[in-house]
Amino acid sequence: MTQRTQGTKPMDEANGAGQAGPLGQSRPIDVVSLYPKDMNIYGDWGNVLTIRRRLKLYGYEPRIHTYNQGDPWPEQVDMVLGGGGQDSGQEKISDDFFKRADTLRALVADDVPMLMICGMYQLFGEYFETIDGTRLDGIGVFGVYTEGREQRMIGNLVEHSDQFGDIIGYENHSGQTFLRDGVEPLGHVEGEGRGNNGEDGTEGARVHNVIGTYMHGSLLPKNPKISDFLIAAAATRRYGEFRPWQEEGQKAELARIDETAANARRVAASRPR
Amino acid sequence: MPTTKKPWNAFATPTIGKAVRGLSRLLRHGGSAFPGKVVEAIDPGFLARTLGRLPQGVVLVSGTNGKTTTTRMVASMLRDLGLRVFTNPTGSNFTRGVVSALLTEVSAGGRLDADIAVLELDEAYAVHFVKQVKPRYALLLNVMRDQLDRFGEIDNTARLLGHVAEATTGTVVLNREDRRIAALAGLVPEGTQVRYFGLSDDLRSLFPSDDEMHDGETAGQTRADDGASGAAASSVDGAAQSEDAPRPAAGQPQPDAPGSRRQADVVLASAGDHEASFVMDGEEFDTTVRLEGVYNLFNAAAALAVVRAVTGRRGEPGKAGGDADDQALVRAVSRVTPAFGRGEVITVSGTPVELLLVKNPMGFRLSLASFAPGSHETMIVINDEYADGRDMSWLWDVDFTSLRATGVRQVSGVRAWDMALRLEYDGVEVGRVDPDIPAAVRAFVDVDPAVPKHIYCTYTSMLQVRAALGRLTQVADAGVGR
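Protein chains in written order, with our numbering: chain E, 624 to 896; chain U, 427 to 908.
The set of hints was computed from the structure by calculation and includes no laboratory data. From the three backbone atoms N, C-alpha and C, an ideal C-beta is built for every residue, glycine too. Heads up, a few of these hints could be off.
[Said to hold, decoys possible] Each pair of labels, with its calculated beta carbon distance range:
1) U:Asp-751 <-> E:Pro-895: 50 to 56 Å
2) U:Ala-550 <-> E:Asp-789: 53 to 59 Å
3) E:Ala-724 <-> U:Ala-893: 54 to 60 Å
[Said to hold, decoys possible] Pairs of lysine to aspartate or glutamate, DMTMM-like flavour, derived with a Cα cap of 25 Å:
4) E:Lys-848 <-> E:Asp-785
5) E:Lys-874 <-> U:Glu-855
6) E:Lys-848 <-> E:Asp-789
7) E:Lys-848 <-> U:Glu-855
8) E:Lys-874 <-> E:Glu-773
9) U:Lys-557 <-> U:Glu-701
10) E:Lys-874 <-> E:Glu-807
11) U:Lys-557 <-> E:Asp-785
Only chain U is shown next, with the shape it has when bound in the complex (with noise of 0.2 Å):
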């Protein structure tokens, strides 16, 4: 890690990186990163020292599902905890994002008041960031098929965040459940530990990875007649367990070998409406939980392991965070609320409209699968912004084929007719096709009051859904900079 001398006017990076915010919010510029780019230019030391003073370090949260909520959810319990966190707000997930957030919290003499930082950073920008700051922990989620115009493929990605396990100097979780993910154990050095987060069997098959994706293709079968598609979920152990494993590059971490099953700190044992159980140490904790959807309860599991490792459960005593016991964190984890978009539900005119964030295959799947079919009225969204992907190939790759005994009752966005295509050839019943969002919104929560509506968005498309249904109703600041 190269250390940064510091330069002669560090002393008051934090005055002028302040100036330049606040004149930067003053003119209108908006972006949020615009005062962290300064920043980097005039004292590119900034970000490892603020943060190297902090007692308890930094957690890096990464993956491609999920980093808002389960940064959101580390955060929220480390501060239940009596901790004092500071964590990046949604969204500036790059490194100029910390370093602007940064510059809102440090005070003029560039100190940080907090024991601890967690932050969530896109793959592609934990590597830059590890490179100026060895996190202690950091917890890597999974890999999967998203935003690849970006990253180039998923291998990819993976290499991506060894670099980050390489770089952790106290504790790694990983997913165990990712077989790409629990591979960069390998890359662990040495002194570092590694725990993993994982499922129980039952569960196991609700989370197919991108691989699984058309294992359900047994071989050499004749499916003339088979109404299901193509991307139907089989189960993981199929996956995990099999020859599946990529032939190992040179200096590549092995996969797990067939029929190994790793130990896990925590595992998400079962999940109910609200209510949920978590396995740790051979103990079992039953919750109630005010998350949605069963994707968010194991993000809720990879979020106990790091709080575990900060806290030094787990036979580690004596470090900071106090002496809290596995029921108190569970109890933190129960009063964890959905982040922006991840399954908040905004009231109109007494229907609840939950705002589902979907942006790749296997969230799309998960989502679906979370809710029974036959309860609500649905609705898709699809844009093609720069931050949804431009590319609507991934569509093909979800299947949807369990929305055919209710249909959907309205598509919108710029690629509504992309999506009402893809419905179409899922045999999918479609309402009705409106790429105008607002227009499209007003027609949606009109029909039938009483049945609960859910809505599936891309990332842009959701801010869009958002401000609609906001003048409809009263809804909350979306807290997100842009």
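Isolated chain E, as found in the complex (with noise of 0.2 Å):
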């Protein structure tokens, strides 16, 4: 299958245009990319880049904060975008993190949306319990706690979600995460070893307008319904509703990356796990 596309030049860095509406007002969204220096493994980096270019393609204007320990928290925030780390990463943030776990549960409560893989995911959780018993708490966003295992869950995975319809991506992970009664997870994954915690098919988790989720891939590239799902709810909390603005360039282009992300999916669903 062949496909030409042309006309690929960067909008988002040419000359701002999509950043002033009909009225030539602007609208921003502050973006908070949570520690990018030390939970950003495994491609997490794309899930901001996508947002980013979507916003612009909406014709509001991204404000990328990125906040690493010690840096000032930024005065607006309309989403939240967390990565997965290391150990060594997730140990280093701790402290830090753990003097914004108000602000940051002010902020869900308050319907920011926010994405967290992987690393992040636990730590929004209640625990996590390494092999060796040692316990690193969380915040308690979501409940859910997770114990270090000696199995790693790895590969492909495609999960299922009524909103979202079939998310695509690829897990990474030896922690094995449980819900709490009556917790929401992002989606079901079928067979076993797989999602949360290889045994009861859920995966990630949900809870106001915040997703947890082991999916790398990175996830929004090629899940532009969930980056479409972040920016509204942002956009509709900052400004009371969702309304694109967009010149027929950036429809277009839109229209051209859904279609490769369309075919991205597809191939990426077919591959062994």
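Take the two lone chains and join them into the complex the hints point to.
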């Protein structure tokens, strides 16, 4: 199969098109990338790139704030994106993370959309107990807890969600996460040895507008529905509604991206674990 | 180290092993490791016994990136200096592969006609290997995010290499610029020397480590319109000397203290188009090289450092290898040719087509940074077979913005669409997406025959690209056993 793609010149970097609406106002959306220095393994930066590009294509002005330990917390926060990390990364950010716990919990309660991948998903839970019994506390946004196990769950993964359809990505974790009663998973997986804990067929967790998941890939580029959910929630919370202001070029660009993503999804879903 | 007693049948091991090897070839078993498997079962001491007889011992080369090229360089340089060298062929970088390779070389009496062995070993297999054979020299190159689905995490990979450092009896040569590798000095046993290879300050910015991929993101800075991807390179100094070191766990080596610079035995001082200069003992040596890309020149510095250790340069005279002076070592570097897929150039109807193996974010970034854009057409081929790594996440840790100026003419491989999507989000124009590798290669080399071509490929896709090019021209045997 072949496809010709033309005119891929990046609109977002060219002239700032799409940052001003029909009346000339700009509509900023402030996005926090949480601990990119220590919690950004397995390509989770792709999620930030995706949100930035799509915000522009919908006529918003993305403002990406990278927040690392010790940094001042941005005044305006419309979305928070967090990634996976190594154990050493989790330990490093731990102190700072607890200083920000109240702030983060308040933003969650205020319906700020967030995406927490892998290590940050675990830290948004109640606790993580490593294989040798050491307990690392989380901030309890999700009613979930995680236990380290010998067996790593690794591989391509497709999960099913009523809201987002098939979610396509790649999991890689040795922590097994269990949901407390009544906690909503992000999606369901078929077969054993995959998902949150390999046993109960769940993957990820949801609360308010917060998504926790083990899906790398990166997740958002191949799952535009989740990207758009986060964007719509951020815009609605800040501006009362999600209303794209798009010129024809932006519409066409978004359509082309989504077509490429659809092809990438189709192939990824067909690959061995 | 467990010293396995010679089993009664040990005298016959070479003969049996060779017979199995002959048989498996006859039966087209194909796997180069199978005879090794048989020998490991009937005579587990074969490896230690055979390598233990070598007068100059074993040089073990490990790390994420550059093992194959560096092993070739070390072997080629030692041969140039008159040593008889046993080395494992490309791709068989696991213990069984070494046993199989030994079987082809030993006499029926079990003797290896060599002075020294230079062995490339995968990080995990290196640990297995040093339990059987203590290397006299270890060259530890780097730990980078690669095939994490096999080893877990970078810190864990560094721990694996720590076992190699602990087991080495003569000299451990470490990459000064990789803080996880440099920190392994703390594990080297008493009586074993530590040496470093390094980069001049000018060159260090070209070699960001995985840790620095996001250091360009200044604290709390708002980046609304910054065109640079977040993965933009930043100076190495920042991380090597910042508080960035991980909190040491019990029994873990301490990473470098802020501001410290270890004295390197060999420094890559400058790198140009097929030329380089190295500083050794305060003296600078300029040379031409046949290797492509600055990362291969850094590998050459690594090779020089270990060859100097073997030949006793720097105040240890009298070791075999004679009185090889540094000038002779540098001449040996100048003669090293690129390994399969590491900057190999194949000429198709008069147009040079350069194959560049990419297998992890940093390798890909270094490859991209090694060539000025605009002078060539680019094709990228991404497969996701086991040898490539199934996880496509790594593509998102490569900064492709340097390709914006020229675009990418052709994208191919099983995961062509993942690659196209990645380029899309970096604003790089994509000419054509075609997962069918032979068709894509044909179309690509047909474009403007006057312009040189670069093809970036993952491991298995490189084999297919090479085969496709082979049908268009005469390509030498790849020389890999699979």
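Of the numbered hints stated earlier in the document, which are not met by this structure?
2, 8, 9, 10 and 11
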